[in-house]
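Here is what each chain is made of, one letter per residue.
Number of protein chains: 2
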Amino acid sequence: MTEIMQPRILTGFMELLPEDQILFNRMLDTIRKVYEQFGFLPLDTPTIELSEVLLAKAGGETEKQIYRFNKGDHDLSLRFDLTVPLARYTAQHESELVFPFKRYQMSKVFRGERPQKGRFREFYQCDIDIIGLDELSLFYDAEMPAVIYRVFKELDFGPFTIRLNNRKILNGFFRSIGLEDKITEVLRTIDKLDKIGEENVRKELAELGVDEEKTERILSLIHLDGTADEILSALDGFGIEDETFEAGVAEMKEVVKNMRLLGMPDEAFKLDLTIARGLDYYTGTVYETTLNDYPKLGSICSGGRYDNLTGYYTKQRMPGIGISIGLTRLFSQLKEEGLIKPERRTLVEALVVPLGKDQMEAALKTAAALRAADIKTDVFYQEKGMKQKMKYASRLGIPYVVLIGEEEANNGTVSVKNMDEGQQVTVPLNEAIEMIAK
Amino acid sequence: MTEIMQPRILTGFMELLPEDQILFNRMLDTIRKVYEQFGFLPLDTPTIELSEVLLAKAGGETEKQIYRFNKGDHDLSLRFDLTVPLARYTAQHESELVFPFKRYQMSKVFRGERPQKGRFREFYQCDIDIIGLDELSLFYDAEMPAVIYRVFKELDFGPFTIRLNNRKILNGFFRSIGLEDKITEVLRTIDKLDKIGEENVRKELAELGVDEEKTERILSLIHLDGTADEILSALDGFGIEDETFEAGVAEMKEVVKNMRLLGMPDEAFKLDLTIARGLDYYTGTVYETTLNDYPKLGSICSGGRYDNLTGYYTKQRMPGIGISIGLTRLFSQLKEEGLIKPERRTLVEALVVPLGKDQMEAALKTAAALRAADIKTDVFYQEKGMKQKMKYASRLGIPYVVLIGEEEANNGTVSVKNMDEGQQVTVPLNEAIEMIAK
Numbered sequence: 001m002t003e004i005m006q007p008r009i010l011t012g013f014m015e016l017l018p019e020d021q022i023l024f025n026r027m028l029d030t031i032r033k034v035y036e037q038f039g040f041l042p043l044d045t046p047t048i049e050l051s052e053v054l055l056a057k058a059g060g061e062t063e064k065q066i067y068r069f070n071k072g073d074h075d076l077s078l079r080f081d082l083t084v085p086l087a088r089y090t091a092q093h094e095s096e097l098v099f100p101f102k103r104y105q106m107s108k109v110f111r112g113e114r115p116q117k118g119r120f121r122e123f124y125q126c127d128i129d130i131i132g133l134d135e136l137s138l139f140y141d142a143e144m145p146a147v148i149y150r151v152f153k154e155l156d157f158g159p160f161t162i163r164l165n166n167r168k169i170l171n172g173f174f175r176s177i178g179l180e181d182k183i184t185e186v187l188r189t190i191d192k193l194d195k196i197g198e199e200n201v202r203k204e205l206a207e208l209g210v211d212e213e214k215t216e217r218i219l220s221l222i223h224l225d226g227t228a229d230e231i232l233s234a235l236d237g238f239g240i241e242d243e244t245f246e247a248g249v250a251e252m253k254e255v256v257k258n259m260r261l262l263g264m265p266d267e268a269f270k271l272d273l274t275i276a277r278g279l280d281y282y283t284g285t286v287y288e289t290t291l292n293d294y295p296k297l298g299s300i301c302s303g304g305r306y307d308n309l310t311g312y313y314t315k316q317r318m319p320g321i322g323i324s325i326g327l328t329r330l331f332s333q334l335k336e337e338g339l340i341k342p343e344r345r346t347l348v349e350a351l352v353v354p355l356g357k358d359q360m361e362a363a364l365k366t367a368a369a370l371r372a373a374d375i376k377t378d379v380f381y382q383e384k385g386m387k388q389k390m391k392y393a394s395r396l397g398i399p400y401v402v403l404i405g406e407e408e409a410n411n412g413t414v415s416v417k418n419m420d421e422g423q424q425v426t427v428p429l430n431e432a433i434e435m436i437a438k
Numbered sequence: 001m002t003e004i005m006q007p008r009i010l011t012g013f014m015e016l017l018p019e020d021q022i023l024f025n026r027m028l029d030t031i032r033k034v035y036e037q038f039g040f041l042p043l044d045t046p047t048i049e050l051s052e053v054l055l056a057k058a059g060g061e062t063e064k065q066i067y068r069f070n071k072g073d074h075d076l077s078l079r080f081d082l083t084v085p086l087a088r089y090t091a092q093h094e095s096e097l098v099f100p101f102k103r104y105q106m107s108k109v110f111r112g113e114r115p116q117k118g119r120f121r122e123f124y125q126c127d128i129d130i131i132g133l134d135e136l137s138l139f140y141d142a143e144m145p146a147v148i149y150r151v152f153k154e155l156d157f158g159p160f161t162i163r164l165n166n167r168k169i170l171n172g173f174f175r176s177i178g179l180e181d182k183i184t185e186v187l188r189t190i191d192k193l194d195k196i197g198e199e200n201v202r203k204e205l206a207e208l209g210v211d212e213e214k215t216e217r218i219l220s221l222i223h224l225d226g227t228a229d230e231i232l233s234a235l236d237g238f239g240i241e242d243e244t245f246e247a248g249v250a251e252m253k254e255v256v257k258n259m260r261l262l263g264m265p266d267e268a269f270k271l272d273l274t275i276a277r278g279l280d281y282y283t284g285t286v287y288e289t290t291l292n293d294y295p296k297l298g299s300i301c302s303g304g305r306y307d308n309l310t311g312y313y314t315k316q317r318m319p320g321i322g323i324s325i326g327l328t329r330l331f332s333q334l335k336e337e338g339l340i341k342p343e344r345r346t347l348v349e350a351l352v353v354p355l356g357k358d359q360m361e362a363a364l365k366t367a368a369a370l371r372a373a374d375i376k377t378d379v380f381y382q383e384k385g386m387k388q389k390m391k392y393a394s395r396l397g398i399p400y401v402v403l404i405g406e407e408e409a410n411n412g413t414v415s416v417k418n419m420d421e422g423q424q425v426t427v428p429l430n431e432a433i434e435m436i437a438k
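Top line first, the protein sequences correspond to chains E and D.
The working numbering applies: residue 1 is where the first sequence begins, and numbers increase by one.
The working numbering applies: residue 1 is where the second sequence begins, and numbers increase by one.
A few of these clues could be false.
Not close to chain D: a few residues of chain E, all C-beta gaps over 10 Å, as computed [unchecked claim]:
{"#": "1", "residue": "Q21"}
{"#": "2", "residue": "G209"}
{"#": "3", "residue": "A268"}
Far from chain E, some chain D residues (derived; all Cβ distances over 12 Å) [stated by the list, open to error]:
{"#": "4", "residue": "D20"}
{"#": "5", "residue": "T47"}
{"#": "6", "residue": "L97"}
{"#": "7", "residue": "K102"}
{"#": "8", "residue": "R119"}
{"#": "9", "residue": "R163"}
{"#": "10", "residue": "E230"}
{"#": "11", "residue": "F238"}
{"#": "12", "residue": "P295"}
{"#": "13", "residue": "G338"}
{"#": "14", "residue": "M419"}
{"#": "15", "residue": "Q423"}
Derived DEER-like restraints, expressed as beta-carbon distance ranges [what the hints assert, rightly or not]:
{"#": "16", "chain 1": "D", "residue 1": "D229", "chain 2": "E", "residue 2": "R395", "range": "38 to 46 Å"}
{"#": "17", "chain 1": "E", "residue 1": "D266", "chain 2": "D", "residue 2": "N70", "range": "51 to 59 Å"}
{"#": "18", "chain 1": "D", "residue 1": "P428", "chain 2": "E", "residue 2": "N292", "range": "49 to 57 Å"}
{"#": "19", "chain 1": "E", "residue 1": "S233", "chain 2": "D", "residue 2": "G385", "range": "35 to 43 Å"}
{"#": "20", "chain 1": "E", "residue 1": "R395", "chain 2": "D", "residue 2": "D134", "range": "16 to 24 Å"}
By construction, these hints were calculated from the structure, which means they are not laboratory data.
A quick note: this is a predicted structure, and the numbers were derived from the prediction, not measured.
Just so you know, even glycine gets a beta-carbon here, dropped at the ideal spot from N, CA and C.
Required output: the full structure, derived from the provided sequences and hints.
The following block contains the structure:
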């Protein structure tokens, strides 16, 4: 006798029951549909990369989280995001690609973090990026939020806000008040405003050696509030004379104008000068997205523009812009908030149920006809009582049961039971197909 | 200056250009559609499993190929197929699942093999399985080939044959001629008939200690040829008195009958007594599928029935039946044979091209309208000459270019150029949308 091994998986991995998997896949399908609608092309890079190549840039925290191992003579790693593989891919295939290169990838990435609530070690990222050669039009900075808008409109989780900022505004501002050399630390502190509150931000800024006057100036900038137009005109009157700052404001104006032309309503976006995005490589427009009724979920779709994606792999400069949805985390959060509920446990539209053995022949033919009409069809083959047959249908949430008894088999009819409403009609097969297809 | 790392991936990994990725994804979509049509539900198990759980059964060659590594306190492995994770999942979630449990999974699996032509270290498997509690109706043995039939009909790679056998026929036969204790070795030899030829099979059988009379008997069995009905009646007259043999023949008759009832034409399947399938766990019907015009591709979809999927994880017996398509290998083979050719390099249906800067506003509005009508739309934002704009469209194979010049912008019209046929018409935007949507 074989010994029994307790079946289990490691914590920090999401594994769903079919009814939830159906909903998860529907989200993946919706996102993919919108990405394709905006002209992005699919990519599917390997899960396993050569460590030396994948980690050319990485360091610190990231490197510690990598699943890295040797196999044969090779030092290998699982990808920890989709951006580094994109950089590697674009540099590797530069001569074969058409630029600007618009790609989407929706794949799992891997991070060996300590497990904690809401953190996953294996999770889906749904990314789009546009990569240019040497240059990339500013219009793409408006296309990104237009994609985000459409995605979350179609996913239909309630009202959301796309928050925009421009790193040039922040960089120029800090330079103009003489904090150029502390930009990274100051931005990192500002980024925590929502989490730790203003008092603690003041404290941390003081610790960084920022004097009170400058701190006031910083806070008055990042507290600018109002409509997009109000903030833009406040920035014009903010009295900063710095080229980078002015370029950032001009870009932001252009982006706002183009978002409107792309059909985005004003309530869908907000200029938010507190957004810095942790990553060092953002250089222009940056994005975060929040669900209005669930601010505690944090940003559910983030990204921005970067000056050069591929510096580690080629001398050709490739500026880009991209956004990412961490779908595994989002799904798990939405489920916890009760925003995702399985309507049906199944995709199956019809269950064919022969009443007895003698109707099996008619049942098989009926199933073939339903499937030929593109109706997702299952057949109950087991010889069980009627109660168990109906229980199978209702546990799986199948909307139509197609019953075949002696009379039906003889007459070429079927009895269709609508499982939601309870009523049952006996009709010719072709009528049943029409009824269910609707 | 950063040092340049040569961008590359490990051999044995398939990475496609977008135009091929589009075709690959289309195959995945088709397979998924058919799997869902037959009532299979989606599953997505983790890529990384606990080694102790995943490898409860494995040994020998399989174990050597595993990507296995430690992270923190955990001994982890990448899945090497989708069957073991299914067994683990089904045992783990037994109380939450509805049986018979019909699931599909289309995911990457990982095998650290020595790279050789046509072998991949990371590849997609597209699997369906049906798992029962204690028992599983024989009707599913006919449903499997019905799914295979529909899949390859829709994939449209030309004529194909689904080859069926039943392990009970082989097992019973070998028992009846007193070779019960050598079944595995003899079957392994027979399995190589196509590869090594009859002479070598005879030699290997002799080495196994099978005498000439028995060898003749074996060869006359596996050389049985003809229509399904001819082979079935030849088996009846083969003079074997063995319960298992007779049960196998009876099952095969039933499966043939039911395949026909499910709408499969006789030319789509063939009884083939040489098929044993290497894996030890098949116990009833087994399948292989070959493309008639490309026999050298070998079996492109295989599977069968097994008595107990989950023996290592639960005492509950769970018989099952399943098939698997190794899509990465199939795609690469079909491409090599010239059976897959990108018709278009893109999914994009329309490219909006403003003639100058002043038409950018109209271009953005036009793009928004096209996308709202579900037309996959890209915009050419770069300020380049007309030649370069059209080159982008033609290199990507975009079928319609929507040109907007001064006149069009003023009149609310667009000029639609059909890139395949060359002609160009100027029409109101809504007419253009209708034209492209068709």
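Check your understanding: So which hints don't hold here, by number, going up?
Key -> 1, 4, 5, 6, 7 and 18
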